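Participant: Here the protein sequences come in this chain order: A and B.
Note that the first sequence covers residues 1 to 109 in the numbering used here.
Note that the second sequence covers residues 1 to 636 in the numbering used here.
These are computed hints drawn from the structure, not numbers from a lab.
All of these numbers come straight from a predicted model, not from anything done at the bench.
We put the CB at the ideal spot given by N, CA and C, even for glycine.
Any given hint could be a false lead.
[Said to hold, decoys possible] Pair by pair, the computed Cβ-Cβ distance ranges are: (1) A:I26 - B:D587: 56 to 62 Å; (2) B:L627 - A:L104: 49 to 55 Å; (3) A:D63 - B:G74: 52 to 58 Å.
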Amino acid sequence: MIAALIAEIKPNSTWYLVLAALLFAIGTLGVMVRRNALVLFMCIELMLNAVNLSFVALAKEMDDINGQAVVFFVLVVAAAEVVIGLGIVVAIMRKRVSASVDDLAELKG
Amino acid sequence: MLDHIWLIPALPLAGFLLILLFGRRLGEPKAGYLAAAACGSAFVVTALVWLDMLGKDAEERTKYLVMFKWIPVGSLNIDAAILADPLSITMALFITGIGTLIHLYAIGYMHGDPKFSKFFLYLNLFAFSMLMLVMGENLLVTFLGWEGVGACSYFLISFWHTRDSAATAGKKAFVTNRVGDWGVMMAMFLAFSAVGTLSYSGINHAAENGGISTVTATAIALMLFIGACGKSAQLPLYIWLPDAMEGPTPVSALIHAATMVTSGVFLMTRMGPVLHASYEWAPTIIATIGAATALFAATIAVAQTDIKKVLAYSTVSQLGFMFLAIGSGAYVAAIFHMVTHAFFKALLFLGSGSVIHGMHHEQDMRRMGALRKLMPITAGTFIIGWLAIAGVPPFAGFFSKDEILLYVFANNRALYVVGMVTALLTAYYMTRQVIMVFFGEAKWKDAHEEHGAHGDFVPHESPKIMLFPLVVLAFLSITGGLLQLPFSKDLHFLEHWLEPVVHHSEANIKGTWAYDNKYLLLLAAIVVAAIGIAMSVAVYAKGKAKPIEPKVLADGWYYDRAISGFMGGPGRKAFEGVAMFDATVVDGAVIGTAKGVGGISSVLRKVQSGFVRTYAAIIGIGAIILLAWFILRGVI
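Construct all of the structure, not just a fragment, from the sequences and the given hints.
Facilitator: Quick look at the structure:
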């Protein structure tokens, strides 16, 4: 019965878009509530990948290869961003005890 | 030779650079000889160019030489270009020629001066600037030279800057000239906006073909005339020239008599077509100011007691004559008078320098007298200069002055009367000077005690190196009239020579009464000169009448004092008011803006809390708001 029900379920692109929205929301929430710089990074990656997922889903839905092509660009940018971002984080960690972003407020107005 | 015209300004520049680097090591007198050689070789090159030009047809006598692109900015395209044509070569010939003579003279005159090499440094820089001024192909190159000669004039007037009066005189010359420079700059701006070029050929071509409207042409011509008033010491800006006599006498001869002060006349001649294209009253203004200056300065010269001040006011007066010629359309006559004036006025200044040298720096004519026996060559040459400026035939000044008066008579008889009165006064005060200095009783005998330390003081003749230029200039003062003799059309050598460049306007006065009766005018000029000389002889040599030298004339009609009074009193108050306006209103607006921005930003910077997560939240909220807006608008 359950197997039949599961067989009935035909995942369409809406599902993937919903999943992407959930992932994005989790990422956003994480950026807002967490203080550790490394965790912030992970959350940003999560948001980027949520966008990637929605790109792929919509490309399939609209039968347009461009959406999948954009994903590669996002991946490259994300990789570059991580390299630089982690470099900065490591440099900060050498000077300070914590990796909390709240302590980095020298430019406060 | 025409391809090497760049050598003419380059040689004095090379002399300047050499003295700049090695001047002190060369010392006296080698630095002087080097400077004289630099100027002399420029003269040789100019003479060769001139001979080359003479061998060519009139149309082929113009040579442009672009040295490099100076300012290529969009439609503003200015080349550092020089131009050799009959006009600029005429100017260059007498600048380098007289310049060389004065360099030689200065070697003797500046003997023993601690700043000997520096003096020649400035002289060579001056020669370079002056040559750039006359040989520039466009207004900007000319302006470069214009400012250069102004700066050199300032350096040389205040050459003995430890003397307070010299320092002040230099400053006065500089400041007064700035007023004139403003006019030249305005003329340049106007010419550029009207024609789109600054080159003489471009502007003059446009002016001849109606490319410049009458209003603009008038404005350009009058702005240039303001510049000329500053540089060439015309009313109301003449005040710096008499004070400029604080400089060493060779400077007075070269810069403040022969060359620099004539650059205003040169500029007006160069831009003659623009003056032609302006309203008819524009030349009349120039002629009137010229005549007024000529008469005004001549009346002051009558009562001066300083040997150089007489000559200074005389220079102002003669420059007035040249502008009278320009305003009457007699460009050739103006250039002719400029050349002969350069000969005889340089001669008179150098002669006065020789007297000052021989009298151990005494400049007061009341303490001179009977010097002809002690300084025979100086006296002889000075007398030739006197006859030339007084308008005695056949000396140079007679012909040039008469040529001007001929045109003035044809154009405006009232100004002719002013010119004749000035000529009479010129003969009068120059005779007075000659009598006071070289004739009469020797008054230096009882004056020498005040000098102290000289023991038996006897004025002495100057060294040969100072007398040589005097003799050459005296020769030129006698023969200068040959350049342009009035008797026949074939004898108008200068006019034919300048024909391709300068508008000559004999056609304009042909058929007038003056042209048909020019020999009568010649006769009138001789009679007037004779009356002036006779009056002066009667007063100063024979003592038949008491000299009329009212204090008002000795003090220059109190013009100087009026200006300092005005500038020190109401003028100063007015400028203080302007300064106050600047400090409160203009600065207030600027500072107020800055303070307002600062105030707003000190409120706004509170937004920068320093918490990354707050920023992220704000970005998120912003994104949501934007999204909501797009959805509600129905865009998505």
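Participant: State for each hint whether it applies.
Facilitator: Tested hints:
Our hint of 56 to 62 Å for I26 (chain A) and D587 (chain B) holds, since their Cβ atoms are close to 58 Å apart. Between L627 (chain B) and L104 (chain A) the beta carbon distance is about 30 Å. The supplied range of 49 to 55 Å is therefore violated. Distance hint check for D63 (chain A) and G74 (chain B): the Cβ-Cβ separation is about 54 Å, which falls inside the suggested range of 52 to 58 Å.
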